[in-house]
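Trainee: Sequence:
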Amino acid sequence: MKYPLSLLMMLTFSFSVNSECRLIASQQSVSYGSVSAAERQAAGSKPVELPEKYLQFNVNCDEPQRVRLLFNSTLTHSNTFAFGSQGQMTFTAMKATVDEREVQLAPVRSADSVLSSSGSPLALIILNEGIAFVSGNEVRGKHISLTVAVGARFRNEAITEKMTYRGNLHVKVDAQ
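When you line the sequence shown up against mature numbering (1 follows the signal peptide of the UniProt record, and there is no 0), it's residues -19 to -1, 1 to 157, in that order.
Read the hints as simulated data drawn from the structure, not as lab findings.
Ideal placement from N, C-alpha and C gives every residue a C-beta, glycine not left out.
Treat the hints with care, as some may be off.
Straight line, CA to CA, 25 Å or less: simulated DMTMM-like cross-link-like pairs of lysine to aspartate or glutamate [unchecked claim]: (1) 143 x 44; (2) 34 x 20; (3) 123 x 20; (4) 153 x 93; (5) 27 x 80; (6) 123 x 110; (7) 143 x 119; (8) 76 x 119; (9) 76 x 142; (10) 153 x 1; (11) 34 x 138; (12) 34 x 119; (13) 123 x 33; (14) 76 x 1; (15) 123 x 80; (16) 153 x 33; (17) 34 x 1; (18) 143 x 110; (19) 76 x 20; (20) 34 x 93; (21) 27 x 110; (22) 153 x 119; (23) 153 x 20; (24) 143 x 81; (25) 27 x 1; (26) 143 x 30; (27) 123 x 43; (28) 76 x 138; (29) 123 x 142.
With beta-carbon atoms standing in for the labels, derived distance ranges [claimed, not checked]: (30) 116 x 20: 22 to 30 Å; (31) 22 x 81: 20 to 28 Å; (32) 118 x 9: 31 to 39 Å; (33) 1 x 107: 36 to 44 Å; (34) 103 x 10: 40 to 48 Å; (35) 19 x 116: 25 to 33 Å; (36) 142 x 83: 15 to 23 Å; (37) 44 x 143: 44 to 52 Å; (38) 142 x 1: 19 to 27 Å.
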């Protein structure tokens, strides 16, 4: 007997912030809803790719600060952001502004690491690393805005009952 097949995918956030700055996300979770058996069959033996979702992060500080966002997760797999036991999530940062001026994004290994890049308009978010906001040098500001594209995929496998795939992203604000 075959069971009706559906999947519910969800992404949750938790934030750790410096007392001088506040992080606001456009939403606290991303739900992909259910994935039908037909959608999974269409993928064949390839991973099931879910539609990209977008989040907006805003950091508001009392005084101009040098801000870095650091990312981690409690759900990891092979040094990546996990999505269920057989899936993976990707996060791409883009459209960054500091005090309404467009800036570049530079990867950083930690809150205190030296910049190793002059930045680019897009930055792949790496597990246990972060991003800095640059325009030549690292910039300071009171209002930081950033869009993050969320991608998710999972291995297509036989499913005989409803399953829930979960992933999470923890964002820490480091302001100096």
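Trainee: Next, verify each hint and record whether it holds.
Mentor: Here is what the structure says about each hint:
no.: 1; hint: 143 x 44; verdict: violated, 49 Å
no.: 2; hint: 34 x 20; verdict: holds, 18 Å
no.: 3; hint: 123 x 20; verdict: violated, 45 Å
no.: 4; hint: 153 x 93; verdict: holds, 13 Å
no.: 5; hint: 27 x 80; verdict: violated, 43 Å
no.: 6; hint: 123 x 110; verdict: holds, 23 Å
no.: 7; hint: 143 x 119; verdict: violated, 47 Å
no.: 8; hint: 76 x 119; verdict: holds, 16 Å
no.: 9; hint: 76 x 142; verdict: violated, 40 Å
no.: 10; hint: 153 x 1; verdict: holds, 13 Å
no.: 11; hint: 34 x 138; verdict: holds, 23 Å
no.: 12; hint: 34 x 119; verdict: violated, 28 Å
no.: 13; hint: 123 x 33; verdict: violated, 29 Å
no.: 14; hint: 76 x 1; verdict: holds, 24 Å
no.: 15; hint: 123 x 80; verdict: holds, 6 Å
no.: 16; hint: 153 x 33; verdict: holds, 23 Å
no.: 17; hint: 34 x 1; verdict: violated, 29 Å
no.: 18; hint: 143 x 110; verdict: violated, 34 Å
no.: 19; hint: 76 x 20; verdict: violated, 32 Å
no.: 20; hint: 34 x 93; verdict: violated, 31 Å
no.: 21; hint: 27 x 110; verdict: violated, 29 Å
no.: 22; hint: 153 x 119; verdict: holds, 18 Å
no.: 23; hint: 153 x 20; verdict: violated, 36 Å
no.: 24; hint: 143 x 81; verdict: violated, 45 Å
no.: 25; hint: 27 x 1; verdict: violated, 46 Å
no.: 26; hint: 143 x 30; verdict: holds, 18 Å
no.: 27; hint: 123 x 43; verdict: holds, 7 Å
no.: 28; hint: 76 x 138; verdict: violated, 36 Å
no.: 29; hint: 123 x 142; verdict: violated, 49 Å
no.: 30; hint: 116 x 20: 22 to 30 Å; verdict: violated, 43 Å
no.: 31; hint: 22 x 81: 20 to 28 Å; verdict: violated, 47 Å
no.: 32; hint: 118 x 9: 31 to 39 Å; verdict: holds, 33 Å
no.: 33; hint: 1 x 107: 36 to 44 Å; verdict: violated, 26 Å
no.: 34; hint: 103 x 10: 40 to 48 Å; verdict: violated, 24 Å
no.: 35; hint: 19 x 116: 25 to 33 Å; verdict: violated, 48 Å
no.: 36; hint: 142 x 83: 15 to 23 Å; verdict: violated, 48 Å
no.: 37; hint: 44 x 143: 44 to 52 Å; verdict: holds, 49 Å
no.: 38; hint: 142 x 1: 19 to 27 Å; verdict: violated, 48 Å
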